[in-house]
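Peer 1: Since the structure of chain Z is already known, use the hints to place chains C and D on it.
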Amino acid sequence: MAEFVMPSLGADMTAGTLGRWLVTVGDRVSQGDIIAEVETDKGTIEVEVFTGGVIEALLVGEGEKVPVGTALAEIGEAGTALESASAPVSAPASASASRSRGIMTLGGSGDLDGPMATPAVRRRAHELDVPLQGLSGTGEHGRITREDVEQAAVAEVQAPSGDRVRISPYARRLARQRQIDFTDVQGTGPEGAIAARDLEGAPAKASAESPKKRMQRAIAAAMTRANDEIPHYYVEHAIDMGTALEWLREKNQSLSVNERLVSGVLFLRAVARALRKHPLLNATWQGREVIQGDGSHVGLAVSLRGGGLVAPALRDADQGSLSELMARMTDLVSRARAGAMRSSEMTSATITLTSLGERGVESVTPIIFPPQVAIVGFGAILTRPWVVDDQIVARPIVRVTLGADHRVSNGHQGARFLVALDRFLQEPDKL
Amino acid sequence: MTTYREAIRTALRRLLLEDSRVFLMGEDVGRYGGAYAVSKGLLDEFGEDRIRDTPLCESTFVGAGIGAALGGMRPIVEVMTVNFSMLALDQVVNNAAVMRHMSGGQFEVPIAVRMATGAGKQIAAQHSHSLENWYASIPGIKVLAPATVQDAHDMLLAAVEDPDPVFIFEHQMLYGIEGPFDPNATLSSPWKAAVRHPGSDVSLIAYGGSVHKAMTAAEELEKEGISAEVIDLRSLRPLDRPAISASVSRTHRAIVIDEAWKTGSLASEVSATLAEEAFYELDAPIARVCTREVPIPYAKHLEDAALPQVPAIVEAAKRSVGNG
Amino acid sequence: MKRDEIRATLMACLSDVAPEIAEEEVEDDVDIRDELDLDSMDILRWVQGIHKALGVEIPEEDYGKMTSLGDAIDYVAGRI
Numbered sequence: 004m005a006e007f008v009m010p011s012l013g014a015d016m017t018a019g020t021l022g023r024w025l026v027t028v029g030d031r032v033s034q035g036d037i038i039a040e041v042e043t044d045k046g047t048i049e050v051e052v053f054t055g056g057v058i059e060a061l062l063v064g065e066g067e068k069v070p071v072g073t074a075l076a077e078i079g080e081a082g083t084a085l086e087s088a089s090a091p092v093s094a095p096a097s098a099s100a101s102r103s104r105g106i107m108t109l110g111g112s113g114d115l116d117g118p119m120a121t122p123a124v125r126r127r128a129h130e131l132d133v134p135l136q137g138l139s140g141t142g143e144h145g146r147i148t149r150e151d152v153e154q155a156a157v158a159e160v161q162a163p164s165g166d167r168v169r170i171s172p173y174a175r176r177l178a179r180q181r182q183i184d185f186t187d188v189q190g191t192g193p194e195g196a197i198a199a200r201d202l203e204g205a206p207a208k209a210s211a212e213s214p215k216k217r218m219q220r221a222i223a224a225a226m227t228r229a230n231d232e233i234p235h236y237y238v239e240h241a242i243d244m245g246t247a248l249e250w251l252r253e254k255n256q257s258l259s260v261n262e263r264l265v266s267g268v269l270f271l272r273a274v275a276r277a278l279r280k281h282p283l284l285n286a287t288w289q290g291r292e293v294i295q296g297d298g299s300h301v302g303l304a305v306s307l308r309g310g311g312l313v314a315p316a317l318r319d320a321d322q323g324s325l326s327e328l329m330a331r332m333t334d335l336v337s338r339a340r341a342g343a344m345r346s347s348e349m350t351s352a353t354i355t356l357t358s359l360g361e362r363g364v365e366s367v368t369p370i371i372f373p374p375q376v377a378i379v380g381f382g383a384i385l386t387r388p389w390v391v392d393d394q395i396v397a398r399p400i401v402r403v404t405l406g407a408d409h410r411v412s413n414g415h416q417g418a419r420f421l422v423a424l425d426r427f428l429q430e431p432d433k434l
Numbered sequence: 003m004t005t006y007r008e009a010i011r012t013a014l015r016r017l018l019l020e021d022s023r024v025f026l027m028g029e030d031v032g033r034y035g036g037a038y039a040v041s042k043g044l045l046d047e048f049g050e051d052r053i054r055d056t057p058l059c060e061s062t063f064v065g066a067g068i069g070a071a072l073g074g075m076r077p078i079v080e081v082m083t084v085n086f087s088m089l090a091l092d093q094v095v096n097n098a099a100v101m102r103h104m105s106g107g108q109f110e111v112p113i114a115v116r117m118a119t120g121a122g123k124q125i126a127a128q129h130s131h132s133l134e135n136w137y138a139s140i141p142g143i144k145v146l147a148p149a150t151v152q153d154a155h156d157m158l159l160a161a162v163e164d165p166d167p168v169f170i171f172e173h174q175m176l177y178g179i180e181g182p183f184d185p186n187a188t189l190s191s192p193w194k195a196a197v198r199h200p201g202s203d204v205s206l207i208a209y210g211g212s213v214h215k216a217m218t219a220a221e222e223l224e225k226e227g228i229s230a231e232v233i234d235l236r237s238l239r240p241l242d243r244p245a246i247s248a249s250v251s252r253t254h255r256a257i258v259i260d261e262a263w264k265t266g267s268l269a270s271e272v273s274a275t276l277a278e279e280a281f282y283e284l285d286a287p288i289a290r291v292c293t294r295e296v297p298i299p300y301a302k303h304l305e306d307a308a309l310p311q312v313p314a315i316v317e318a319a320k321r322s323v324g325n326g
Numbered sequence: 002m003k004r005d006e007i008r009a010t011l012m013a014c015l016s017d018v019a020p021e022i023a024e025e026e027v028e029d030d031v032d033i034r035d036e037l038d039l040d041s042m043d044i045l046r047w048v049q050g051i052h053k054a055l056g057v058e059i060p061e062e063d064y065g066k067m068t069s070l071g072d073a074i075d076y077v078a079g080r081i
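Those sequence lines, one after another, are chains Z, C and D.
To convert, count from 1 in the first sequence and add 3; that's my numbering.
To convert, count from 1 in the second sequence and add 2; that's my numbering.
To convert, count from 1 in the third sequence and add 1; that's my numbering.
Calculated from the structure, these hints are not laboratory results.
Ideal Cβ positions, reconstructed from N, Cα and C, are used throughout, including at glycine.
Just to be clear, a hint being listed does not mean it is correct.
Below, a list of computed lysine to aspartate or glutamate pairs in the EDC-like style, where the Cα atoms sit at most 16 Å apart [said to hold, decoys possible]: (1) Z:Lys254 - D:Glu62; (2) C:Lys320 - Z:Glu194; (3) Z:Lys254 - Z:Glu51; (4) Z:Lys215 - D:Glu21; (5) D:Lys53 - Z:Glu262; (6) Z:Lys254 - D:Glu61.
So the derived label-pair ranges between C-beta atoms look like this [stated by the list, open to error]: (7) C:Gly227 - Z:Glu194: 20 to 28 Å; (8) Z:Asp132 - D:Asp75: 47 to 55 Å; (9) Z:Gly310 - C:Ala196: 54 to 62 Å; (10) D:Ala23 - Z:Asp334: 21 to 29 Å; (11) C:His303 - Z:Thr191: 30 to 38 Å; (12) D:Lys3 - Z:Ser259: 26 to 34 Å; (13) D:Asp72 - Z:Glu153: 46 to 54 Å.
For reference, chain Z alone in the conformation it holds in the complex (with noise of 0.2 Å):
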């Protein structure tokens, strides 16, 4: 039997809230099968399944939030598994007594360790971010309610739990109104507790506003860190592009509108292509070791227009061919801007490619994303003055920026990297 456990989901993650199942006790699911989503900071991700089998056991709930790690499901093996989901009634007595969270089975089969539930209800107290663990259902059998779901909700608007800070309830009640954020305010109340004039400077409110600004702490908090612990080395390298865009003119020609390919899906395929040949680029840096890449999974830096950065990762970007590799970015970035990723797009990669030539510039300088130990930055590609065969041409030049992690590999390794880059794009129809 194995266990599935919420993953960690960007190296900054230490919990997650289960949002949804997608399966329930009894499907038989195979590698890659996406059963559950998961809410971070990031925004809804898709989480995949790494074993096959059938689920046995629901262990957390929807709505709940548990650390990295927490196991989320049991799944055992085809057809041990069918047997005790077909008899739930017998099975969770024992079993229960060494689970530390209650066992939830979505058939609402009268499990009497996890809470008894509609779909609608459920649906509601998803909506109302109530979890259902530990509400008391007034409903027949003990069942919860709509009603008991909405009064948690209103009853957590007005008294709220979370952190337990020691801060008198007027104080408690006006940081609320005034959404202020009293975890670091210093008490001088009886015993210490935060008291209403503490709260005098205190900063705003951080959490409990929009997924929008939930994304910009989660961004912020990753790019201190980058800024903090990662010594950045850069070497910048400029590209004539004469060659692959005019390979690309002529092959979009040939191809009907629905199979047209952008000059951004030959940066992507080179970038695999040069990754496969320097691993010390194609790793994370986990504390205090290097951890390999296990395929050349390349991240994506996508701004969401009205603000906001998401870097999920096209995987085994050197496989397939440039169509099939234009189809997948095309599905990722709409994606990512719908919000809809999977949970390894968000951590497989290990180099990040952002482009902002699009939008003018020349060149970046780009932060690495962590745990990750490399980032490649294009600027526009610009028709320049190029010297070939000792003759001054106009050409179309791209800079290259690799920004590179220096625990983990250096400027000779980072220069040979682009070289590599460069001669790829040389050669855009062995792309």
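Peer 2: Okay, now just chains C and D, sitting in the frame of chain Z:
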């Protein structure tokens, strides 16, 4: 300036003069002039029919008063101390308090019962307890605790006028106090709490004898820059809950002072009210300053140590306000 | 096909690419890449959408003739 004792006597005289149904009854109220000399001189003025000395039997004369009230009289019954009134509790709980209810509203019991309460005169455990909260927990009766000279007068008039049994608790240390008094002042509602000293940092909630200690504490706190509001509850039943919550909504801190034992005291009731109705106004834990849970001692230093005193109130208020 | 019908279709295709864009903020004479923060992939998806909706084939070298919504309407109107 008039004393508390004289103010009550003034009210008694007025009632006796104005309403022939009124009479005073109790132990030593006639020839002796009352244990605290409240009725001194009234026997000579109004005669034995209206100023009646009774045997030492609380159950009998409180019961007789209830009977007289049922019969259309307006009796004022004096019990020497609340300790002795325990003997009459059956009459109070099982007759006075329930008659209107059990008769379907046909009978009312317009009796006024006065008694001394509290400690401080070294008259030991059988004469010094503050049990008024026991009465304040009984539906069907009303309970008043005049803290000022004016209230001592006004509340007696209101009690006699009221159609239901009203119990008046006079703190034994107050009989001698002097205060402003106008016998013809417009009567304020006795059922409302009063702000005796406005303040903004902490509410000192008290009644009866403790109000004066709270006032002294407020003055001392003032010197230390803490602005205390003194609330005189006045009526213990019904309790003016909105006034309590309103004060704490202004100050966000509450100290409840009560000469009863802390457990199950009126201070407990006030505290619970605040927790229920003003929780989100509280900027510090509620504190109660009550009597130590011992029978009131006879020895002076022990009696002083057992009772709520000004320094304890000041300290509790400072702790509540914190070190800011 | 009338001009405002073409406009509506082009706007609908644009909304598929960038749903967060409100129609009223798109003026006919501004550079949509600039104003609406569209990149080459967005433009490609827009062109693909127009092709699907109206059957108009837009070769890559003509992208430059569609810098504003007004230009794009003119261009498409001439090719239907």
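Peer 1: If a hint holds in the structure, say so; if it does not, say that too.
Peer 2: Against the structure, the hints come out as follows:
As the CA atoms of lysine 254 of chain Z and glutamate 62 of chain D are separated by approximately 13 Å, the hinted pair is consistent with the 16 Å bound. Proposed proximity of lysine 320 of chain C and glutamate 194 of chain Z is supported: the alpha carbons are some 12 Å apart, at most 16 Å. Only pairs whose Cα atoms come within 16 Å are accepted, and lysine 254 of chain Z paired with glutamate 51 of chain Z is rejected, the gap being roughly 36 Å. At roughly 14 Å between alpha-carbon atoms, lysine 215 of chain Z and glutamate 21 of chain D fall within 16 Å of each other, so this suggested pair holds.
Proximity of lysine 53 of chain D to glutamate 262 of chain Z is assessed by CA-CA distance (about 13 Å); at most 16 Å being required, the pair is judged to hold. Between lysine 254 of chain Z and glutamate 61 of chain D the alpha-carbon distance is near 11 Å, which keeps this suggested pair within the 16 Å criterion. Against the hinted window of 20 to 28 Å, the Cβ-Cβ separation of glycine 227 of chain C and glutamate 194 of chain Z comes to about 21 Å, which satisfies the hint. Here the CB-CB span from aspartate 132 of chain Z to aspartate 75 of chain D is close to 49 Å, well matched to the stated 47 to 55 Å.
The supplied range of 54 to 62 Å is met by glycine 310 of chain Z and alanine 196 of chain C, whose beta-carbon atoms lie about 58 Å from each other. Between alanine 23 of chain D and aspartate 334 of chain Z, the C-beta spacing of about 25 Å keeps the proposed range 21 to 29 Å intact. Hint check: histidine 303 of chain C to threonine 191 of chain Z, Cβ distance near 36 Å, so the stated range 30 to 38 Å holds. A beta carbon spacing of about 28 Å between lysine 3 of chain D and serine 259 of chain Z agrees with the range 26 to 34 Å that was offered as a hint.
For the hinted restraint 46 to 54 Å between aspartate 72 of chain D and glutamate 153 of chain Z, the CB-CB distance of approximately 52 Å keeps it satisfied.
Hint 3 from the list above is the single one not met by this structure.
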